[in-house]
Structure formats: structure tokens, C-alpha cells
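K.L.:
Protein chains in written order, with the numbering used here: chain A, 1 to 105; chain B, 1001 to 1206.
Mixed in with the good hints there might be a few duds.
Restricting the straight-line Cα-Cα distance to at most 30 angstroms, the calculated cross-link-like pairs of lysine-lysine (DSSO-like) are [what the hints assert, rightly or not]:
id, chain 1, residue 1, chain 2, residue 2
1, B, Lys1172, B, Lys1091
2, B, Lys1091, A, Lys74
3, B, Lys1093, A, Lys74
4, A, Lys74, B, Lys1019
5, B, Lys1110, A, Lys28
6, A, Lys28, B, Lys1019
7, B, Lys1172, A, Lys81
Think of the hints as simulated: they come from the structure by calculation, not from any bench.
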Amino acid sequence: MSETIARAHESHEAEASHGHPTYGTFIKVWVALLLLTGALVGLSHLGQTAAVWGLLTLTPIKAALVFYFFMHLKYEGILLKGVILVTLGTLLIFFVLLFSDVAFR
Amino acid sequence: MSSGHGHAAHAHRDDLGDKLGMWLFLVTEIVLFGGLFIAYSYMRSLYPADFHHGGAELNATLGVINTVVLLTSSLTMVLSLAALQLGDLVKAKAFLLGTILLGGCFLVIKSFEWGAKFQHHLYPGSAHMATLPHGQQVFFGLYFTMTGLHGVHVLVGMSVLGWMYTHLAKGKINQDRFVVLENGGLYWHLVDVIWIFLLPLFYLAA
Chain A
1 MSETIARAHE SHEAEASHGH PTYGTFIKVW VALLLLTGAL VGLSHLGQTA AVWGLLTLTP
61 IKAALVFYFF MHLKYEGILL KGVILVTLGT LLIFFVLLFS DVAFR
Chain B
1001 MSSGHGHAAH AHRDDLGDKL GMWLFLVTEI VLFGGLFIAY SYMRSLYPAD FHHGGAELNA
1061 TLGVINTVVL LTSSLTMVLS LAALQLGDLV KAKAFLLGTI LLGGCFLVIK SFEWGAKFQH
1121 HLYPGSAHMA TLPHGQQVFF GLYFTMTGLH GVHVLVGMSV LGWMYTHLAK GKINQDRFVV
1181 LENGGLYWHL VDVIWIFLLP LFYLAA
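Here chain B stands alone, though its shape is the one from the complex (with noise of 0.2 angstroms):
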């Protein structure tokens, strides 16, 4: 049928190439997160007590809402790049649109949550948290780099995926060529999976 037209389109493109360029820059990111995981796995076999006490301290409530929030953020994301898949660019559109909003949804309630933490005085470096336990500052040290550094991921996926939007409108992303919706897709995924392993660490095993 188109397959003599596809096959030509094709002839100058590796998408292989290209997602496997992505993957590799997902192994750093996996590496960095990994690095700080270790930190928190070793500070958290010295202080126990201390994180058990600081762990009570976070909204767990906030943190499984958000958590649903990101879940369902990664499901339209893969709903939109399947949509495209199929030709339907109305819902692509749609989805991708839902999983930029998800992500402000994300943010606006981490930002509850933090704003609750600053009014408690619990931020790095202020009065109040030197007069903590050691292993409480290091906790909370860690609750805002990992949370922080996640948060930050989460505001680019945002903006990647907002100018993939834009390209999506205009068509140059489009059903026979996805392979940068896919590359973000996979980015946005990895940030989810991050939380993933957030969401226990810091609201409901510490």
C-alpha cells in the first residue's frame, strides 16, 4: 500500500539510534539518582530513630495523592504516543496535553508541601533545624535535594513535553515519525519511576 513511500521516508533515520542515545542519557540520570539513594540507604543504617522521627514529619496523605497523580500521568503519556501510533492525533493531542497539566498538578501540591515545611521552620540552615538531631538534619537534607532534584526533572519534562506539543500541532511529529515523543515519553517515565521509589523512602517505610 504506502509501504514504497514509508520505506523512502525512512531511508535517512535511526530510530534505534536514537532511542538508544536517549537510554544512555537515562543511565546517567538512573546513576545520579542511584548515587543519592545509596547516600540515604547508608545515612538511614546510622540514624534510624532519626529518619523513623523525621519520616512522621512528612504528609504521607500528599505524597500517595501526588503519587497517584504521577501514575496516571505516565498512563496518558504512553495512551498519547499509542494514540499517534494509530493515527489519532485529536487524542494524542489530548493525552499529551493531560500529562502536562498532571505534572503542574504534581508540582502545585509539592509545593503545598514544602511551603507547610518552611512555616515549620524544617528547611536546611534554618534556627530551628540546628537544634534537630543530627540524623533529623540529615534527613530532611536529603527529603530536599531528592524531592528538590525530582521536582526540578519534573519542570523539564513539563517544558519538553509542552514544545512537543507545539510540534505535534504542527505535524512535525507525527504518525509516521515519533520517535521524539517517544525520547520524551521515556524521559517523563523515568522521572515517574523515580518517585516510585521516592514515595516509600521518604512517606511511608522511613
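Bound-form chain A, shown alone (with noise of 0.2 angstroms):
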């Protein structure tokens, strides 16, 4: 009986997590985005270097927590994961692309 409860409470803990995550997690993430975005505008200080190195690794952490937590593809199936994924894969070809040709103009 005990055991019941306590699989029935463990499953409703997990359904908790995947389908209705709480207030604290979106907080966490927003104060994550806060401090991405002081480190990016503390390098664009240090120089035009600094400031694209942080626009390229920052920014993509910034746009991914966004996508993985505000977007919840944290707790989407593979089907929805996938097609983002497809998206953003076929735009880098696009880049890829455009700049082995002007590399080589």
C-alpha cells in the first residue's frame, strides 16, 4: 500500500517536472540571461575582439536557454527538437556556404 503512495507521489513528481515546471526554474534562467547579458556588454568594452568572441559564444547560450527552458523544448519529443534543429542546421549551410565563396572570390 505504502509502496503504491509512494510510486503514485513519485509519478506525479515526474509529471510535475515534464509538464509543469515550476516559477523557480524560469527565474534561475532569467537571471542566467541577466549576467549573459552584463558579460557581453563588460567584453564589448574590451575591444572589438572581446566583443565578437562574446557575440559568438554568448549570444548562442543566451538564444538556447531561451529555446530549451522558455520554449520548453526541454520537455518536447524529438519531433519538435528535431525540426529546430533541421532549421538551424540548414541556415549554418546557408552561412557556410556564402563564406567559402567570398573566402575564395
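Work from the hints to combine the two standalone chains into their complex.
P.N.:
Written as C-alpha cells, this is what we have:
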């Protein structure tokens, strides 16, 4: 009996973490986004090279946080994740093709 | 408990299908802005010095303040959905209203920023712009195109969320049927993601 209750409690917790994440997670993500923005501003004061490195590293991390938590991709199945990965992969191919063309012009 | 009733209510709906449809639309948005990001990258590689001078003309402080505004609006958006899922309608409405107001705040700040540029005759087609080096003309052309298109998205997002607020108030969007609000949120978050890229491209790293 107690085992059944324990299992029910466990599955309820699993459901809560899958379908209904709590406020705390989102507030933590928001704080992380603000800190990363601060870091980006700080890097931009160190010169052009640091600013561009900040753009290329911190900005995708910020976007990933929004996609993963705020847009719930963490809690979605392979279908929706796949749609996004294919899209971003396609954009990356466009970037690579364009700049390989520019480089050998 | 209420699983039998809940199951019946779920019978003729497809939340995953709704979300997939929304994501496919967002894919077209990502590719739309992605094309502009590629154009920016190419033009910047052609005119690095002009992009640097153009970026120096922009008000980075306003850009950063607007980033904080939009990131916070993304938080209130996701909290509105979380509150609705937890059955707290009052909080869900308050957070949604907060999101819309923060969107308005973003646009007001943006309008001051654009206004200052127009006062300095820095807009496409102005006589002053024609005297600037070609690369700077391209920079400001991209700046107005990309922040303008983003601003339109903020306006559309506010309208969509305003419409959802009325449906939330009427109970058409509720604890059991929230996928519409979730999809509206997805749109709002994508608008936030686009701004996350626009900030360093124009204000910080140019």
C-alpha cells in the first residue's frame, strides 16, 4: 500500500517536472540571461575582438536558454526538437556556403 | 479523480499538432531573420570600418535597457503559462498583462531611439545619409530594416497576447486548454531571441 502511494507520488513528481515546471526554474534562467547580457556588455568594453567573441559564444548560449526553457523544448519530444535542429542546420549550411564563396573570390 | 472528465475533454484535440504547426511557422520566421543575419555578416565583412563607425552612432545604453525589458517580458510570459497550468488565473492574467506592458515599454524606448536618429538625419534616403560612405549607408539600411521588422513583430505579438488576455478572462483559455497561450508565448519568446542577436550585432560588437 505504502509502496503504491510512494510510486504514485513519484510519478506525480515526474509529471510536475515534465509538464508543469515551477516558477523557480524560469526565474533562475532569467537571472542567467541577465548575467550573460552583463558579460556581453563587459566584453564589448574590452575591444572589438572580445566583443565579437562574446557575440559568437554568449549570444547562442542565451538563445539556447530561451529555446530550451522558456520555449519548453526541454520538455518536448524528438519531433519538435528535430524541426528546430534541421532549421538551424540549414541556416548554418547557408552561412558556410556564403562565406566559403566569399573567401575564395 | 477528474481523469475521466479530463480524458473526454481531450478527445477531439491535438495539442502536439497545434504546437508543431506553430513551430513550423516559427521556422519561417527564423529563416526570414536568418537571411537578414547572413546579409549583415556579408556586408560587415565587406565594410568592417564603416560598420564600426555606424555602430558607434547607436545608443548602446538604450539597446541594453531594451534587452532587459524584453528578457523580463519573456519571463512574465512563461510565468503566465506556468500560473495557468497551476490553476492560478489571477496570476496568469497579471503576468500576461505585464508581458504586454513590457512590450509597449520596449516600443516606447525604441521610438525615442529612432526619433533621435531621424533628428540627426540618419535615415535611409536623407540628404545627410547620401554624404556618408557607402558602407555606413548599408549599415543604417540594415539597422532600420532589421530593428523595424523586429518592432513590427513586437507589435503583432502584443496584439496576439492582448487577444489572448480577453480569451483568458472569458475562460476560453483555461487550466485544461492552454495550448493557444503556449503558442502565443512561443511567438513572443522567438521575438525575444531575435533581439538577443540584434543587440550585439548593432550595439555592442559593431
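K.L.:
Any hints this thing doesn't respect? Which numbers, in order?
P.N.:
Structure breaks no hint.
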